[in-house]
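If you're matching them up, the sequences are chains A, B and C in order. Each residue of the first sequence is one higher than the one before, starting from -2 at the first, in the working numbering. Each residue of the second sequence is one higher than the one before, starting from 52 at the first, in the working numbering. Each residue of the third sequence is one higher than the one before, starting from 10 at the first, in the working numbering.
Incorrect hints may have been included.
[What the hints assert, rightly or not] Taking lysine-lysine and the DSS-like style, the derived pairs with C-alpha atoms no more than 25 Å apart in a straight line are:
id, chain 1, residue 1, chain 2, residue 2
1, B, Lys167, C, Lys730
2, C, Lys706, B, Lys167
3, B, Lys163, C, Lys739
4, A, Lys62, C, Lys152
5, B, Lys167, C, Lys739
6, A, Lys62, C, Lys156
7, B, Lys190, C, Lys336
8, C, Lys578, B, Lys190
9, C, Lys578, B, Lys167
10, C, Lys578, C, Lys706
11, C, Lys156, B, Lys163
12, C, Lys671, A, Lys10
13, C, Lys340, B, Lys86
14, B, Lys190, C, Lys714
15, C, Lys340, B, Lys163
16, B, Lys163, C, Lys141
17, C, Lys152, B, Lys163
18, A, Lys10, C, Lys739
19, B, Lys167, C, Lys152
20, A, Lys62, C, Lys146
21, B, Lys167, C, Lys426
22, B, Lys163, C, Lys426
23, B, Lys86, C, Lys336
24, C, Lys671, C, Lys730
25, C, Lys156, A, Lys39
26, C, Lys152, A, Lys39
27, C, Lys730, B, Lys190
Hints listed in this document are in silico derivations from the structure and should not be mistaken for laboratory results.
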Amino acid sequence: MKYIAHINVMPLKELLDPQGKAVNSSLHNLGLTNLHDVRIGKHITLHVDAPTKDEADRQVRDACKRLLANQVMEAFDFTLTEG
Amino acid sequence: MKFGVIVFPGSNCDRDMQHALQDDLQQEVVMLWHKDRNLSMFTKNDCIVLPGGFSYGDYLRCGAVARFSPMMEQVINFANNGGKVLGVCNGFQILCEAGLLPGVLLQNDHQKFVCKNVYIKSESTNNLIGVNVGEKALKIPVAHGEGRYYADAATLKQLHDNKQIVFRYCDEHGEVHINSNPNGAINNIAGICNEGRNVYGMMPHPERACSTALNNIDGRAILMALN
Amino acid sequence: MIATLEQATKLGLREEEFEKIKQILGRTPNFNEVAMYSVMWSEHCSYKNSIKWLKTLPRDGAKLLVKAGEENAGLVDIGDGWGCVFKIESHNHPSAIEPFQGAATGVGGIHRDIFTMGARPIASLNSLRFGKVDNPKTRWLIKGVVKGIGHYGNCFGVPTVAGEVYYESCYQTNPLVNAMSVGVVRVGQTVSATSHGAGNPVFIVGASTGKDGIGGASFASADITENSAESLPSVQVGDPFEEKKLLEACLEMIPTGALIGMQDMGAAGITCSTSEMSAKGEHGMIIHLDKVPTRQQNMKPWEMLLSESQERMLIVVKKGREDEVQKIFDKWDIHCVQIGEVTKDTNLKYYMNGELVADVPAESLVLGGGAPVYEREYKTPAYFEEIKKFNIDSIIEPDDLKEAGYQLLQSPNIASKRWIYEQYDSMVMTGNTQTNEASDATVVRVHGSEKGLAVTTDCNSRYVFSDPYVGAMIAVSEAARNIVCSGGVPVAITNCLNFGNPYNPEVYYQFVHAIKGMGDACRKFDTPVTGGNVSFYNQSEDGPVYPTPTIGMVGVLDTLSQKMSISFKHPGDSIYLLGKNRNDINCSEYLHHICGVEYSPAPHFDLEEEYQLQHRLQKVIGNQLVKSAHDISEGGLFACMVECAMVNGLGFTITTDKDLRKDAVLFGEAQSRVIVTVNPDLHALFEAELRGLPFTKIGHVNATKEIVIDDHNWGYVSDWKEAYDTSLEKMLVG
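If we strip away everything but chain A, and leave its shape as in the complex, we get (with noise of 0.2 Å):
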């Protein structure tokens, strides 16, 4: 089976995030006052090849865990579509 993952990669919350921080100052400067927390994080998209969505899953975490997120300061999250 083929699947296509949405990774997002996140700084955590507990650190300071300075461009989504940037940015938020910046919006507000353009009027857009009522916009705010942002955070700015990374979309991956990638294709697995697996016999099944666990084992699809399961891959992908341990991408996310091994090299597409820092779990020192960034948290993942991903959704499988078939693809």
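Since chain A is already given, all that's left is putting chains B and C on it; use the hints.
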């Protein structure tokens, strides 16, 4: 004639530009704050400089946030009325984001920040800088993480046909080739101007090559071209 | 919520320390208070295991405007009304866990130490140690650390102008990341880290306070084990953009005269800044923690007290002048919030929503006040026996010296650091003269004056490992020698003392003897210690790292025209060796990495001989009798000559001593030697100036661009340069 140097939060070559223009080239310089909106003391003969640095931390995209500052609105009007504008490094990125110059500056092909002396060569005498610097390869430093100039084929053709390419990266003998390109810029493009030839953008830092104390004055001819 | 002994020990306090807190307070402390003491009395903040010995270092001198330890960084007079503020600090343990942010926040922290005194940083240096390059973990660490240093420094806009990096297996788990900042200030425009005047308002300025880095100071004082990666909140994220704004706002505010004092928040955040400023000014403070801007909701008092969120400052303002200060911070879009006021009562009282949550005497928390001071035991390390066994005759001279030289020049400890330094903006601020004319120490011009500052970081830790006393003397001497070779006069040092666990008597022996050597050398060169940093517990399961007392030295050039560079200038110039070659390969890169010998004594060194060499060298450079100067260090005479030759692509022809081993002459690292070139017309004058100093005319600069040693042609300089330049990047990319 005078120069105006804009200070954005995160600009860090603003003082270098001031030193070079004032101390090394004896020009009148006015420092401008990004929150101000007044350019009325500047005429068409004057030149507004957007210096290098990391305006707004370069967060989101280089130059993307600075482009919306109050002063930039004035600079866009100033440029559209024929006033001279020079953007160096981050300033070049801001000019592209603001639509005053075509194309974009992408992350270097090797994905690392690069700071070193490089050589650049004028492409045409059809613009203020080209007329002034001659054919010699100039030794000018670069310092950027996102300096890979890119434009689509149609834009490139336009740049070429209109002779809007101001500088290309070359070696010390003036040869343009892949090894003399520090960031993967398309066609080795280091600097361009707009169609009206009053707005200039370049990645290398001429203000870092204006002082005898630093043993390199190749940048003087570039800045003096806008005098 | 009275604290228990169990809680206290979990936070790293010892039983007797807990008792001492009870005595100070006259009651059992609550949890917030114990948390504060645990961090302030950690090694990182209190220097409790090192201060006794640090006090033996020379800390006073004619040019010192501030005595060591009195302020955040040292301040020396460089003349013409200018002062220089400089300091080096470690960020080893954070960098081991998260190399990018660890190194980045290390750079940010040291710059804050400089501008909190009112000086503008103009140069950044670093000293790095990693494990072997062929290890993938090492490559990950190098790439992260280099990117982190570049990220912060490049954006902050201060050039990274010099540094050193060595690779040894002892640093495999525990790399060293030491960052140094050098700033300049008009004398009289400095700010003190003090607080006084009851009723004066206390402000927190800069970034919001979050939960990041809580306990970071204690964390730095604990051994690194594989499990450290899970101690998550210790990571801090740096924001160089915020710090750049903070720098400009602070420097704009100081001339208003509205300030009483200012201190940056590093380790132990609010606790450390409030207590150190109050203790210095002999006052107290009332602080309302609920007024501190936070990034997260519902932070507990102790979390706010200990948070190490970056890019924050504590300032005390003259009452009635708050608006002036507020206006400047508003201009730069920076938080500036009053959180309390100065009190005559010397206690620190912290409130949360009106409730008193901690109440401690300021002075009891700080170094020189209530913080404990310990004397540790030390004993001669057992491995010294191995060192004594070394015999040079057991090393057979290689048949192919050229091949040995070729390998040596490509060793990561000697080869070009180009892959690293090109990722740093080394030229911003248009003051770095190194770009177009290389010198031993980097010479940075001081805008607005004729002066130049010569700056360098130095420490060959293998020498210190072999002989802590001599090794530390060499570290100071080499720094001074680099400055003299560049045309400067050494003025003062800052030190970053990276050692293993101080409770290990053999480690403590290294520490004590390194301090003794450093002190003796600093006294000889009249370069007092202005301050620095101690980093213990640099070790892993395999044992401690090499003792690494990194020296950051600053020298002065009265005018930039006095600068001397390393490059050979003209064919036909004579090449002189100042000092003496010896039959010595001890501790050399050659012996260690080519011959594979781990234990050998430190190379030849004599402090008086070194002093005489530098003294004479200053004279011949000052009298413009030499055209280049480069000291002989790692890789010996050969590496030194190739480095001089490569700059302009000129060759050299030399003859070596007949009665010495060839490998010792070419690759040995006996100290106190310098290579200079001299115009043949000036031989007589030059030699006359050197009376009493051993020297040899060993050859000349050639126009054929080749290396010729004892009539053997070793090939073109350009080929050697190619190997030297690309060796490290080949290893790192591979």
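Checked hints:
no. : hint                 : verdict
1   : B/Lys167 to C/Lys730 : holds, 17 Å
2   : C/Lys706 to B/Lys167 : violated, 36 Å
3   : B/Lys163 to C/Lys739 : holds, 16 Å
4   : A/Lys62 to C/Lys152  : holds, 19 Å
5   : B/Lys167 to C/Lys739 : holds, 19 Å
6   : A/Lys62 to C/Lys156  : holds, 22 Å
7   : B/Lys190 to C/Lys336 : violated, 43 Å
8   : C/Lys578 to B/Lys190 : holds, 20 Å
9   : C/Lys578 to B/Lys167 : holds, 22 Å
10  : C/Lys578 to C/Lys706 : holds, 17 Å
11  : C/Lys156 to B/Lys163 : holds, 8 Å
12  : C/Lys671 to A/Lys10  : violated, 62 Å
13  : C/Lys340 to B/Lys86  : holds, 9 Å
14  : B/Lys190 to C/Lys714 : holds, 24 Å
15  : C/Lys340 to B/Lys163 : violated, 33 Å
16  : B/Lys163 to C/Lys141 : holds, 23 Å
17  : C/Lys152 to B/Lys163 : holds, 10 Å
18  : A/Lys10 to C/Lys739  : violated, 38 Å
19  : B/Lys167 to C/Lys152 : holds, 19 Å
20  : A/Lys62 to C/Lys146  : holds, 16 Å
21  : B/Lys167 to C/Lys426 : holds, 13 Å
22  : B/Lys163 to C/Lys426 : holds, 15 Å
23  : B/Lys86 to C/Lys336  : holds, 14 Å
24  : C/Lys671 to C/Lys730 : holds, 22 Å
25  : C/Lys156 to A/Lys39  : holds, 19 Å
26  : C/Lys152 to A/Lys39  : holds, 21 Å
27  : C/Lys730 to B/Lys190 : holds, 21 Å
Figure legend: structure checked against the earlier numbered hints; hints not met, in rising order: 2, 7, 12, 15, 18.
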